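Student: Since each chain comes alone in its own frame, lean on the hints to assemble the complex.
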Amino acid sequence: MSKEEIITRLAQSVIDGEPEDAVELAKQALDEGLDPLVCINQGLTAGINRVGELFASGEYFLPDLIIGGEAMKAALAVLEPALAGDQERQILGRVVLGTVRGDLHEIGKTLVGTMLTANGFLVTDIGIDKPAADFVSAAREANATLIGASALLTTTMPEQQKIVEELKEAGLRDQVRVMIGGAPITQGWADKIGADGYAEDAISAVALAKQLVGVPV
Amino acid sequence: MPGLEPIRPQLKLEVLNPDELASIKAATLHVLEQVGIHVPSERALRVFAERGAQVDRESQIVRLPPGLVMDAMNLAPRSYQLCGRAAGTELALDGTASYFCTDGCGVYALDFETGQQRASCKDDVAKMARVSDYLSSIAFYWPMVSAQDHAWTAPLHELDASFNNTVKHVQTETVMGEKAARYAVRMAEVIAGDAADMRARPPLSSLICTIAPLGQDRQGIEAGMVFAEAGIPVGFMSMPNMGLTAPVATGGALAAASAEVVSAMVLMQLVAPGAPTFYSIVASVMDPHSANYINAIAEKYLCHVAGVQIAHDWGVPVLGGAFGAQNLEAATWQHGRDSVYNSLMVPLAGADIVVGLGLLRASTLLVPEQIIFDDEIYHTCRILARGIDTSDDGLALDVIAEVGPRGHYLAQRNTRQHLRSWWFPELSHPQRPMHESAPPDIRRRARAKLDKILREHQTQPLDDAATAELQAILEAAERELDA
Ligand code: B1M
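So the protein sequences, as listed, match chains Y and U.
With our numbering applied, the first sequence has no gaps in its numbers, which climb one by one up to 217 at the end.
With our numbering applied, the second sequence has no gaps in its numbers, which climb one by one up to 700 at the end.
Hints should not be assumed to be uniformly reliable.
To be verified - Derived pair list, reagent style SDA-like, types lysine to any residue, alpha-carbon separation capped at 25 Å:
#: 1; chain 1: U; residue 1: K339; chain 2: Y; residue 2: T186
#: 2; chain 1: U; residue 1: K339; chain 2: U; residue 2: I670
#: 3; chain 1: Y; residue 1: K162; chain 2: U; residue 2: K396
#: 4; chain 1: Y; residue 1: K192; chain 2: U; residue 2: A700
Hints in this document: simulated from the structure, not taken from any laboratory.
The structure presented is a predicted model; accordingly, all values stated were derived computationally and were not measured.
The shape of chain U in the complex, shown without the other chains (with noise of 0.2 Å):
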């Protein structure tokens, strides 16, 4: 696997002043106190009740004391690793990278070789986790779609083609439901070893949505409880449509989804105390006419930055949203337009973690390549983030000296050791050898790197007896789940 690159910014981007932080924490905390939130969970409820919450048990009302929310919030680490299953995978979610992920759980892809569209199915996941495990700009891995040739296991063989395909850490948006959630969690401990190695060096995390408004999904934080309790992080995404299911203004769309994920972190350090959680917003604007996501508008990318904020402010990590173009094709303006300002102001405000790279039309479809046109974005952010360096290397006024007025640097050792280091966008300007010439149309040049990708790069594979183990904990899933 070649190294990871995440984005360390130099620079940095608020759209919140702290008066203004204070005002969106009250302002949730006031929601949680005064309107509460739907949780169809008995078990949830249970422990809202026993930990002194007023619980509605026919609405399944949960309303939360501040001072409930504010000392669980204390309990949740602001710090923790995710690990992969291999040396140089480790995440440390500290507040000094970012470090990004693939997009997931599309559920159409242009086949690898007819180029149809067609349903997803578990070998595409299998082959983008190969892809991901290559990308320097990929640190963690969402499987990319649905496995749908499989029932209801299908998030349990998306792990399965995760693990088998990558040595990064893997995070999955789907399993769900106690008992796929406590097969996970057999998967899991497979990968690290045993249950202790996998508290110390959780190769697998999961990220559940949160229904705006204000409610939660039974078999998301049931899932949850038992990550939480087994050390597998969990994270809570708010994904606010603004005008439909969030105040259409942006302060209160925030209030509100916060109180979503923070009622459900607040679940989290209740029954597993100092779980590692993290926070997630990711906001947009309704089309007034179809009600679907504005996949790109100015409002989204004010709510994401501050989404990161938020999250800070509470002392959580947190997962940013980037990428994600609503366009149906690879390489055009509109998917360039859809996806820098995200990639570059996600990462400058400091999100730890974020998603995601590869897919298209709004998250739900597969086109291979488009995961190397997000790469090439990706690293022009991830320079872009450094800032100027004035150190003294950087001023270099040896070198300038040393050349002095007319003449050239290219006979410098200075321009060629820092040339060495250089990224180039390979793709926008590619370099090749003199006597060839790169094929001229964007996308092909893209393709022709995935290609070769899949073709040369194999994944350090998990030892026999590890793939053996997890096929029985599919079977075994298969059983009891497809059944």
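The following block holds chain Y by itself, in its conformation from the complex (with noise of 0.2 Å):
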């Protein structure tokens, strides 16, 4: 196979959702000598934004949106490794992720996540139920630029409130931006709380986050 072959078969395993495909082509990529740099931007990025086209276009459903992201996670795990040591996948900022404490809502805020992860942002999804605490400091660990809080119950609402003053008492409210979302969220509320902005489904809220990184939309 051609190099180009081998870039465009990554694209369309990441098109197709095909992960244990793309697994194979990343590995034959870096057998046949290839710059893994390369793979990754003009291979399974290229793929993943295509996946992104044909989703909006609303060609692609959910299931292909998702298993093309998973295609794509698993190749990056065997290319990623092999960068060199100044080389670095581009990527728009760093997202802590989660849905807050006495909340189990899982949906929306996965659903965020892999729109996210699509469109080129790097996501630590810290998972449901989870108190301020834990936001802050996975967005110290992970180096965050923006924490993501989602709560769809009227009860669990304040601890949003409690992510933005927490990080203002760890001193990170400068360097971490909070964007927050679920079903009785508003932009009321949002301003209210001091977040720096409320996204009111998965589309917009990759526009706010790119909004929010300083990435023209």
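Tutor: What follows is the structure, given as structure tokens:
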């Protein structure tokens, strides 16, 4: 297989959502001496961008998006360790994402994570039912620029406020933006608690995240 | 309070035959034994382990042998009563009638005065309880919205507003956690008189959601155990979103959902043998782009009916799902279309209790007059479910002979007598004195009826001592929970 062909097929494995093929092709690329950064940028990233376009145009469904993302992740696990010391995959920002304490609603949060990943963010998903302190410590560990907090219950919304407060106490408020979402959340609530933004759905969450990290939308 | 008018179906609907029911039960037992359920509660894990379930403490997965499941489910009563605080509010869950309640737990309301959308509050719960007290379609009350003007005690304030404004039975879907549940039990004792009366005539019941796929909510089941021990009926609802939190195919979704519900019901029977419990599956299909529930889709209606049959196959009462429109505005084609299938199909399948009238935007928005629209759909279903009267009175041969060929039936006593007991669709076909014309806009007609109820209907008040006791319980709860 020519080098171009391997890269095209890498992209295609993401578009088709075939994690096993993606891993095989990634290994083959390294065996053939291809530059892993080129494989990532021209293969995997091109592939996931195409998946994003197909999803946005309505042709692809959520499972296509999620399994495409998994194919990309699986191949990245092969390619990233092979990057030279001075090479780094380009990411738009590091995001710590979770659902707040007392709240087990998982789906919206996971969807936002998938869309952010597909759009070039590096997402650390800390899961559901997480207290403010966990968001702050995860943000510190991941050197995150953005915290995303989901709350679906009116009784758990105050935990989003706590995140903003605890970030301040930890002296991290200047480095870390906070974005919030969930069915009962409004822009008014975001303003009230001093969050940096609110997004109504996963698509606008991507636009907001880009805006918050200073990337043109 | 005007008398209740439950649906007593003569027509019957089944979507599963006995063989299909048996295969769903077998699949459920298989999931419970082989795959297991996530139970993140120390107390529940201990109970399960003591009674012979296979418990993995670390992953908090419980696997239940079929014998344990069958024995526990056999302890769950098929029939019992839900009661209100006045005569005529008793609901016998015995398979002869379907009793409907309001939808609940919305987060937004269109303000009663300004019509502007705002966060919901305790006064909304109170006002809608009073409207529900009046409507004969509403047999029991789910607090319709969240009392967001209160913090952690909001669920108890919702009960306070409900008990003060309707004599009908109240079902909570928000009291979670052991502590809040104990306060709710105390409130129910005040309404019933004492603990023994509360067991005999429970004025409160609780609905708790399982966490699809195959999980329980710690706060939910810990509240459930408190309720079961106190004799407060407690039900479990699985809300699988097919393709997302359950298999995309209906059979697998029902088996998995049933495993969630049954595992919680088994737990209740282990801590309180013979406790009144009920079963509920409200399934839908995932929107393949947003992952939201598609609120009105054929598979959902089928699963709702199947859920009723599966519950009865287990020998327990069932809460069915109806109404729950997706649309944003009252009085639209979409609202009628979204509501009408379930609200007929679920009672025809024999659901003992059914939720719920009155919310829009997938159970998140209270539009006050919406309940009037749903009330009209409800009564239409009620008459439909009765079927055709072929009794002597229904065939009316004597009257046919008396009028004979030609002529008319207007002068017949039989006509006069029957018409008096008929239900007429007031909204879509307004009855007005001849000189008065009804407002042409149906939404205004609905609103006018709602305003009249709010203006004129007074709920039989609680006595002062009970109101004061409820207040004292709320204050104690605030000191403990809000702190
Ligand atoms: C970081 O930045 C961002 C940016 C955007 C973000 C974001 C973060 N997070 C979300 N977004 C946004 O983008 C997402 C993608 O477009 C969107 O996410 P959503 O999550 O909104 O959308 C998802 C893709 C699909 N939507 C959902 O998944 C939520 C749908 C509804 C029906 C819902 C579901 C499914 C569930 N529930 Co629950 N549930 C309801 C919901 C009603 C509703 N219509 O919203 C709601 C939220 N629930 C409610 C309740 C009461 C409860 N639930 C409970 C349980 C459950 C299930 C487990 C059954 C299930 C969740 C399954 C799961 N694994 O996640 C219980 C609580 C459990 C707990 N401790 O958390 C329980 C208390 C019920 C009970 N009696 O047990 C109500 C809350 C009322 C209130 N006052 O707060 C409720 C509004 C329904 C109702 N009217 O009763 C946007 O909001």
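Student: Would you check the hint for U:K339 and Y:T186, treating anything up to 25 Å between C-alpha atoms as holding?
Tutor: The given pair, whose Cα atoms are some 20 Å apart, holds under the 25 Å limit.
Student: Do the alpha carbons of U:K339 and U:I670 lie within 25 Å of each other, as the hint requires?
Tutor: Distance of about 19 Å is within 25 Å: holds.
Student: Between Y:K162 and U:K396, does the CA-CA distance stay at or below 25 Å?
Tutor: Roughly 23 Å between the alpha carbons, so the hint for Y:K162 and U:K396 holds.
Student: Does the structure keep Y:K192 and U:A700 at a Cα separation of 25 Å or less?
Tutor: Holds, because 22 Å separates the two Cα atoms, which is no more than 25 Å.
Hint compliance for this structure: no hint is broken.
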